[in-house]
Amino acid sequence: MFKRLALVVAISTLAGCVTTEERNFHQETLSAIHGTESKISQRLTNLELQSSNQVDYIDSLENEVSSLKQQIHLLNQRSYQRSLPQESNSAQSLQQLAAADPVPANKVILGQVERVSIDSIKQKFDARVDTGAATSSLDATDIEEFERNGKDWVKFHLAGRAKTSTEKDSRPEEKSNWIEAPVLRYVKIRQASTADTERRAVVELWISVGKIRERTEFTLADRSHMSHPILLGREFLRDIALVDVSKEFIQSTTK
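Heads up: the sequence shown at position 159 corresponds to 159 in the numbering used here, and the numbers run straight through without jumps.
Quick caveat, the hints were computed from the structure, so don't treat them as lab data.
These figures come from a predicted structure and were not determined experimentally.
Each hint should be verified, as a subset may be incorrect.
DSSO-like, lysine-lysine: derived pairs with alpha carbons at most 27 Å apart [as the list claims (entries may be wrong)]:
#	residue 1	residue 2
1	Lys247	Lys122
2	Lys247	Lys107
3	Lys155	Lys124
4	Lys69	Lys107
Using the sequences and the hints, build the whole thing.
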């Protein structure tokens, strides 16, 4: 009797050990499965992130390609305009330009020099129109920075003077009235004669060129070594005008 009881106890103990081992093995298996699922999920997240970054990069490349195409078009147009023969008959010259690259109905033709009126001071100045320059700039002198209503402002004079067809270049230059405007931002400009950079303010002014009236950004630069106190760049011309470099004052009068 005692032997039978001992045998039953031994079998029960052995069965309990087997059950515990099976439970532990099952738990380890579940843990391994959960760990694998977690790794797979993390991997999928990383792949989705990489895919999103690649899509953004492709979009940026497409934007750069579009911008380069626009620049190439402008360069081709400028090259063609420079290759046009200098015709004494202005109508024939314009016909040649129109035949090569018809002017859209919503765009006007500007000469390489135009008369610009600055609305805030009601004064006019000659401006160089240059598709080779991205931004517009002013020959600002006597620049004074100040604060108004908690924001950075600047006031300055515009060097140079507006000339009429009867005025001589030998007449002394006049300074404009004071121009005041809020500062949009500051940029650093590297001068051609030195490696040093200068911090220059960028302002926004209303200007008029013939029938064109636009709010335009200008960098307050040193243009004392240039022929004109104002430079109008591509940002001003965009979507509104083309340039005929063989002519001057197409949209403005010098009288």
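Hints, one by one, checked against the model:
1. Proposed proximity of lysine 247 and lysine 122 is supported: the alpha carbons are some 25 Å apart, at most 27 Å.
2. Distance restraint check for lysine 247 and lysine 107: the Cα-Cα separation of roughly 17 Å lies within the 27 Å cut-off, and the hinted pair is therefore satisfied.
3. With a C-alpha separation of about 18 Å, the suggested pairing of lysine 155 with lysine 124 holds against the 27 Å cut-off.
4. Distance hint between lysine 69 and lysine 107 is fulfilled; the C-alpha atoms sit about 20 Å from each other, no more than 27 Å.
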